[in-house]
Amino acid sequence: MEKKLEDNLLAEEVKKIAEKDLELAEKLAESIQDPEAKVMAFLNLYMISKKQDFLDKAIKNARSDSDYLRIVEITGLDLSESIKDPYKRDLAYASLFERTCDFNYSEKIQDRKIASASMKRVSEKLGPPENLKVARRIPDAYYRCLALVEISEKEKIDLRAEILDSLNAIENIWLRKWLEARLKANSKL
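Each residue of the sequence shown is one higher than the one before, counting from -11 in the working numbering.
One should not assume that every hint holds.
[Said to hold, decoys possible] DMTMM-like mimics (lysine to aspartate or glutamate), calculated; alpha carbons at most 20 Å apart, straight line: (1) Lys113 with Glu138; (2) Lys96 with Asp73; (3) Lys76 with Asp99; (4) Lys101 with Glu138; (5) Lys3 with Asp41; (6) Lys101 with Asp128; (7) Lys3 with Glu61; (8) Lys121 with Glu141; (9) Lys142 with Glu118; (10) Lys48 with Glu24; (11) Lys38 with Glu61.
[Claimed, not checked] Between beta-carbon pairs, the in silico distance windows are: (12) Ile161 with Glu138: 22 to 28 Å; (13) Pro116 with Glu11: 48 to 54 Å; (14) Leu152 with Thr88: 28 to 34 Å; (15) Met35 with Lys172: 40 to 46 Å; (16) Asp44 with Glu141: 41 to 47 Å; (17) Leu10 with Leu152: 53 to 59 Å; (18) Pro127 with Glu18: 43 to 49 Å; (19) Pro116 with Leu(-3): 44 to 50 Å; (20) Glu18 with Glu143: 48 to 54 Å; (21) Pro74 with Lys38: 27 to 33 Å; (22) Asp153 with Gly115: 19 to 25 Å.
Just so you know, the hints here were simulated from the structure itself, not pulled from any lab data.
Think of the CB as a built atom: it goes at the ideal place given N, C-alpha and C, for glycine as much as any other residue.
Start from the sequences, fold in the hints, and give me the full structure.
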């Protein structure tokens, strides 16, 4: 455990050293024993230098779903099919969807909550009318309601009927009541 902690700290040091001496930082990354820390060290080198060789080394050293997910989240490279765990694969698809706004990724997400949260974040990034189109497609009523409220505020348009429909569709009664109280307190209903 102590060695793993040391390797993780070393992976962070690689980033600082790389800003001054990329060659020394690479040697340090190569010396790391823990595969997870080694992946992170090479990703740090890649983020600083943008050299494909470092990304290739990170991928080569990846052993776990967490390693592949980290690579996807940091680089935007689609390694989703390398991830065995469905939950982590969904997180990878969500990361790619949020980065690219490519609905092919959102359609691959199996977990409704992950898809909904991701679509809400994408709707926040887009301008009208795309933001509203995405918000209306959000499968989970809670996230759809939040997205509609945000768009209504941001674009100064009246979406009260849609907001109420989404609010009433929230299955969890406590979540619905909490959100309803919050919206009433902020004069959104």
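Here is how each hint holds up against the structure:
{"no.": "1", "hint": "Lys113 with Glu138", "in the structure": "holds, 11 Å"}
{"no.": "2", "hint": "Lys96 with Asp73", "in the structure": "holds, 14 Å"}
{"no.": "3", "hint": "Lys76 with Asp99", "in the structure": "holds, 10 Å"}
{"no.": "4", "hint": "Lys101 with Glu138", "in the structure": "holds, 18 Å"}
{"no.": "5", "hint": "Lys3 with Asp41", "in the structure": "holds, 16 Å"}
{"no.": "6", "hint": "Lys101 with Asp128", "in the structure": "holds, 7 Å"}
{"no.": "7", "hint": "Lys3 with Glu61", "in the structure": "holds, 17 Å"}
{"no.": "8", "hint": "Lys121 with Glu141", "in the structure": "holds, 16 Å"}
{"no.": "9", "hint": "Lys142 with Glu118", "in the structure": "holds, 14 Å"}
{"no.": "10", "hint": "Lys48 with Glu24", "in the structure": "holds, 11 Å"}
{"no.": "11", "hint": "Lys38 with Glu61", "in the structure": "holds, 15 Å"}
{"no.": "12", "hint": "Ile161 with Glu138: 22 to 28 Å", "in the structure": "holds, 23 Å"}
{"no.": "13", "hint": "Pro116 with Glu11: 48 to 54 Å", "in the structure": "holds, 49 Å"}
{"no.": "14", "hint": "Leu152 with Thr88: 28 to 34 Å", "in the structure": "holds, 32 Å"}
{"no.": "15", "hint": "Met35 with Lys172: 40 to 46 Å", "in the structure": "holds, 45 Å"}
{"no.": "16", "hint": "Asp44 with Glu141: 41 to 47 Å", "in the structure": "holds, 45 Å"}
{"no.": "17", "hint": "Leu10 with Leu152: 53 to 59 Å", "in the structure": "holds, 57 Å"}
{"no.": "18", "hint": "Pro127 with Glu18: 43 to 49 Å", "in the structure": "holds, 45 Å"}
{"no.": "19", "hint": "Pro116 with Leu(-3): 44 to 50 Å", "in the structure": "holds, 46 Å"}
{"no.": "20", "hint": "Glu18 with Glu143: 48 to 54 Å", "in the structure": "holds, 52 Å"}
{"no.": "21", "hint": "Pro74 with Lys38: 27 to 33 Å", "in the structure": "holds, 32 Å"}
{"no.": "22", "hint": "Asp153 with Gly115: 19 to 25 Å", "in the structure": "holds, 24 Å"}
Violation of the numbered hints given earlier is absent; every hint is satisfied by the structure.
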